[in-house]
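Produce the complete structure using the sequences and hints provided.
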Amino acid sequence: MRGENGRKPRGLRDYELKMMFIVPTLVLLIAMNIFPLLWSLGLSFFRYSAIENSILKTSLFEVGLNYQADLNSGSISEELRQEFRNNGILLSQNATVSTEKKDSKWIIADKENEYYVKKKDKLDIIGYSKPPLKPVGTKNYSRLFTQRSTWSYFTTTAYFVLLAVSAQFIIGFGLALFLNREFKGKGMVTTLILVPMMLSPVVVGLFWRFILDSQWGLFNYLISLVPAALHRITAVLHFPGNVSAWFQNTASSARNIIWLTRPKAALFSLVIIDTWMWSPFMMLLSLAGLSAIPKYLYEAAEIDRASAWFKFRHITFPLVSPLLLIALLFRTMDAFKLFDLVYIATAGGPGSATETVSMNLYRRAFQDYRTGESCALAYMILIVIIALSSIYIKYLNKAKGDSQ
Amino acid sequence: MSRRSRKGTFHGIALVVIGISLIFYLIPIYWIIATSLKRWPDIFVMPPKFFFKPTLDSYVGLMTVRTMTPEGAKIVGASAYPRQLLNSVIIGFVSTALAVSLGTMSAYAFSRFQVKGKNDLMFFILSTRMLPPVVVIIPLFLMYRALHLIDTHFGLILLYTTFNVSFATWLMKGFIDEIPKEYEEAALVDGYSRFKAFVKIVLPQAITGIAATAVFCLITAWNEFAFALIMTTRNARTAPPALASRMGSSGVEWGQIAAGTFIFLLPVAVFTFIMRKHLLRGVTFGAIKK
Numbered sequence: 001m002r003g004e005n006g007r008k009p010r011g012l013r014d015y016e017l018k019m020m021f022i023v024p025t026l027v028l029l030i031a032m033n034i035f036p037l038l039w040s041l042g043l044s045f046f047r048y049s050a051i052e053n054s055i056l057k058t059s060l061f062e063v064g065l066n067y068q069a070d071l072n073s074g075s076i077s078e079e080l081r082q083e084f085r086n087n088g089i090l091l092s093q094n095a096t097v098s099t100e101k102k103d104s105k106w107i108i109a110d111k112e113n114e115y116y117v118k119k120k121d122k123l124d125i126i127g128y129s130k131p132p133l134k135p136v137g138t139k140n141y142s143r144l145f146t147q148r149s150t151w152s153y154f155t156t157t158a159y160f161v162l163l164a165v166s167a168q169f170i171i172g173f174g175l176a177l178f179l180n181r182e183f184k185g186k187g188m189v190t191t192l193i194l195v196p197m198m199l200s201p202v203v204v205g206l207f208w209r210f211i212l213d214s215q216w217g218l219f220n221y222l223i224s225l226v227p228a229a230l231h232r233i234t235a236v237l238h239f240p241g242n243v244s245a246w247f248q249n250t251a252s253s254a255r256n257i258i259w260l261t262r263p264k265a266a267l268f269s270l271v272i273i274d275t276w277m278w279s280p281f282m283m284l285l286s287l288a289g290l291s292a293i294p295k296y297l298y299e300a301a302e303i304d305r306a307s308a309w310f311k312f313r314h315i316t317f318p319l320v321s322p323l324l325l326i327a328l329l330f331r332t333m334d335a336f337k338l339f340d341l342v343y344i345a346t347a348g349g350p351g352s353a354t355e356t357v358s359m360n361l362y363r364r365a366f367q368d369y370r371t372g373e374s375c376a377l378a379y380m381i382l383i384v385i386i387a388l389s390s391i392y393i394k395y396l397n398k399a400k401g402d403s404q
Numbered sequence: 405m406s407r408r409s410r411k412g413t414f415h416g417i418a419l420v421v422i423g424i425s426l427i428f429y430l431i432p433i434y435w436i437i438a439t440s441l442k443r444w445p446d447i448f449v450m451p452p453k454f455f456f457k458p459t460l461d462s463y464v465g466l467m468t469v470r471t472m473t474p475e476g477a478k479i480v481g482a483s484a485y486p487r488q489l490l491n492s493v494i495i496g497f498v499s500t501a502l503a504v505s506l507g508t509m510s511a512y513a514f515s516r517f518q519v520k521g522k523n524d525l526m527f528f529i530l531s532t533r534m535l536p537p538v539v540v541i542i543p544l545f546l547m548y549r550a551l552h553l554i555d556t557h558f559g560l561i562l563l564y565t566t567f568n569v570s571f572a573t574w575l576m577k578g579f580i581d582e583i584p585k586e587y588e589e590a591a592l593v594d595g596y597s598r599f600k601a602f603v604k605i606v607l608p609q610a611i612t613g614i615a616a617t618a619v620f621c622l623i624t625a626w627n628e629f630a631f632a633l634i635m636t637t638r639n640a641r642t643a644p645p646a647l648a649s650r651m652g653s654s655g656v657e658w659g660q661i662a663a664g665t666f667i668f669l670l671p672v673a674v675f676t677f678i679m680r681k682h683l684l685r686g687v688t689f690g691a692i693k694k
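Here the protein sequences come in this chain order: C and Z. Be aware that the first sequence starts at 1, since it is given in this note's numbering, and climbs by one per residue. Be aware that the second sequence starts at 405, since it is given in this note's numbering, and climbs by one per residue.
Be aware that one or more of the hints could be misleading.
To be verified - Partial pick of chain C residues on the chain Z-facing surface, computed with a CB cut under 10 Å:
{"id": "1", "residue": "67"}
{"id": "2", "residue": "71"}
{"id": "3", "residue": "92"}
Stated by the list, open to error - Ranges of calculated distance between the beta carbons of each label pair, as one might list FRET restraints:
{"id": "4", "chain 1": "Z", "residue 1": "449", "chain 2": "C", "residue 2": "236", "range": "26 to 34 Å"}
{"id": "5", "chain 1": "C", "residue 1": "401", "chain 2": "Z", "residue 2": "456", "range": "51 to 59 Å"}
{"id": "6", "chain 1": "Z", "residue 1": "430", "chain 2": "C", "residue 2": "158", "range": "50 to 58 Å"}
{"id": "7", "chain 1": "Z", "residue 1": "478", "chain 2": "C", "residue 2": "23", "range": "40 to 48 Å"}
{"id": "8", "chain 1": "C", "residue 1": "151", "chain 2": "Z", "residue 2": "649", "range": "26 to 34 Å"}
Simulated from the structure, these hints should not be mistaken for laboratory data. Beta carbons: idealized from backbone N, C-alpha and C, even for Gly.
Printed below as a string of structure tokens:
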């Protein structure tokens with residue numbers, strides 16, 4: 001058809017134009033996505049550290065000075081080994097310690113690395129030599145698999161995804177059910193609710209840190225208002241027993257809840273922030289699904305005097321479910337990749353209570369410079385994400401088939 | 405209670421619920437604006453102050469560097485923040501222009517021409533966007549270091565163009581599919597070249613779509629944090645990592661952080677409002693058109 005109808009087109013021929021239009025995009029995507037992806041796969045089978053020489057020289061950490069005995073014997077005592085371990089460096093059994101020039105500089109040599117030590121009022125571990133690039137087969141993977149912490153980062157992430165996505169689903173879908181009616185200013189209200197999801201996670205994380213502060217945060221103040229009001233009402237009405245006092249206690253303890261810096265509450269705080277940001281997304285997609293349901297289905301059900309639950313169960317839900325699944329797919333993928341918000345709001349802490357896999361990958365890759373190992377972790381994340389999305393897509397196809 | 409009045413009651417309840425949720429979504433944003441306009445002691449009072457005498461001190465503090473003199477604080481120059489905002493603007497606009505141009509061109513080709521393995525190629529383009537950035541960030545960092553692209557505007561522009569081009573292709577394909585082919589075919593009969601028909605006939609028709617796509621790309625580039633954090637240090641640093649590091653330095657100047665945050669999110673809020681009709685399409689890669 002096009003360009004083949006006997007008429008000789010002027011200017012570029014269709015084929016040339018087509019190439020000119022498509023090739024730049026494909027080249028860009030291959031160079032910036034596929035090539036790095038393969039490189040990353042390759043690196044995951046190597047022991048490699050991308051640490052820069054300038055970073056090598058900066059101080060890693062300090063330990064106490066009582067290790068002279070180690071130097072005399074040349075071997076590493078359990079205490080010094082522990083100090084290294086506390087700083088994330090595992091010394092092998094064969095590590096040795098030696099000295100250079102009147103013990104102003106110690107060298108702790110492990111089979112892979114050399115750690116340089118400066119002696120001041122403390123031992124200042126000033127850096128380590130860059131380990132050479134070395135193929136290690138699947139060792140990076142097996143190490144990650146056997147590290148208990150790796151699994152705990154995955155579990156933390158899974159908890160977060162589960163809590164955040166279900167909260168967003170319930171709130172977003174519920175809100176859409178309420179919004180799916182005609183009222184004055186509907187367009188305006190919907191748009192205003194959508195603003196949070198367009199904001200940068202950095203800005204959101206920064207600000208929620210302020211709002212969730214346990215001393216002057218707005219959040220605690222607002223949630224304490226309800227029990228405080230109940231306290232006043234029950235006091236005025238002379239409720240029996242200590243109901244009123246109980247409300248007063250609740251109000252004052254609500255005012256002092258510690259959110260982001262308490263291990264048990266930190267992940268939950270992230271869920272609150274993420275839900276504030278992303279439940280509008282669920283709402284938007286649910287609303288689109290709801291408003292696309294033909295009215296006559298409800299009218300027919302009305303004639304049959306069907307209950308509200310029946311209408312919801314047999315009309316609303318099946319017809320919206322494909323869109324809901326798309327929304328859930330998008331959110332699950334995004335929540336699984338969560339990095340910005342964690343970095344800003346908790347930096348993985350306290351301890352490693354909110355250390356998601358992406359956060360841990362950043363730490364391994366750009367703070368510890370365990371580049372090869374990080375690439376292996378990146379591939380583990382990729383596989384989980386592909387597996388998750390294919391499960392969703394399977395259900396999505398099923399839901400689409402059902403609703404037709 | 406009759407059915408009708410029960411419905412009326414439910415309608416009333418629904419409006420109350422909508423009102424409460426509106427407050428829930430907007431209070432944090434109001435709080436940012438309020439904090440940015442408060443005097444320093446007012447920021448940390450309990451119970452919080454909802455009404456106060458506004459001042460622009462935080463904005464002045466954010467944008468300038470001051471020194472203490474016997475006569476009080478004196479402004480000695482601009483802080484790094486205006487420059488970082490400018491970086492965000494430059495990188496955002498240039499990468500958006502590139503991504504939308506490339507995306508519109510490839511979308512046109514996919515929409516109008518027969519392309520071998522079209523569906524596979526489109527899926528490939530989509531999958532690059534779905535790829536978690538953490539998977540490619542390490543090799544990209546090594547690549548950028550080798551090519552001396554770390555901390556350059558060009559480096560970030562290239563990255564953001566790549567992220568957005570897949571999105572732009574998908575969104576624009578949806579918009580171009582909706583333009584009837586007959587217009588161009590008529591132009592071709594009139595002796596237009598295919599390229600001229602694209603420029604003179606298709607582009608003007610697709611202008612709404614292009615604008616919507618551009619806004620989404622711009623917001624993505626504007627908000628991006630992880631790559632900006634790793635790939636920039638000083639020269640090309642954009643506002644998001646700069647705001648994040650403000651947190652660590654100089655105590656916690658919440659007033660200034662609020663001011664910086666508000667300046668940063670204002671354009672996004674305005675654009676969201678302008679683009680409200682296209683939001684659904686934008687956030688679903690054009691999967692849902694309405």
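Outcome of the hint check:
1. The interface hint given for residue 67/C is broken, as the beta carbon of that residue sits about 32 Å from the closest beta carbon of chain Z, more than 10 Å.
2. The beta carbon of residue 71/C is not positioned within 10 Å of any beta carbon in chain Z (closest approach about 37 Å), and the interface hint is therefore violated.
3. Interface hint at residue 92/C: violated, since its Cβ lies 25 Å from the closest Cβ of chain Z, which is beyond the 10 Å cut-off.
4. Look at residue 449/Z against residue 236/C: about 27 Å separates their beta carbons, and that is inside 26 to 34 Å.
5. The hinted range of 51 to 59 Å is satisfied by residue 401/C and residue 456/Z, whose Cβ atoms lie roughly 58 Å apart.
6. Taking the beta carbon of each, residue 430/Z and residue 158/C are about 32 Å apart, not inside 50 to 58 Å as hinted.
7. For the pair residue 478/Z and residue 23/C, the supplied restraint of 40 to 48 Å is violated, since their beta-carbon distance comes to about 57 Å.
8. Separated by about 32 Å at the C-beta atoms, residue 151/C and residue 649/Z satisfy the suggested range of 26 to 34 Å.
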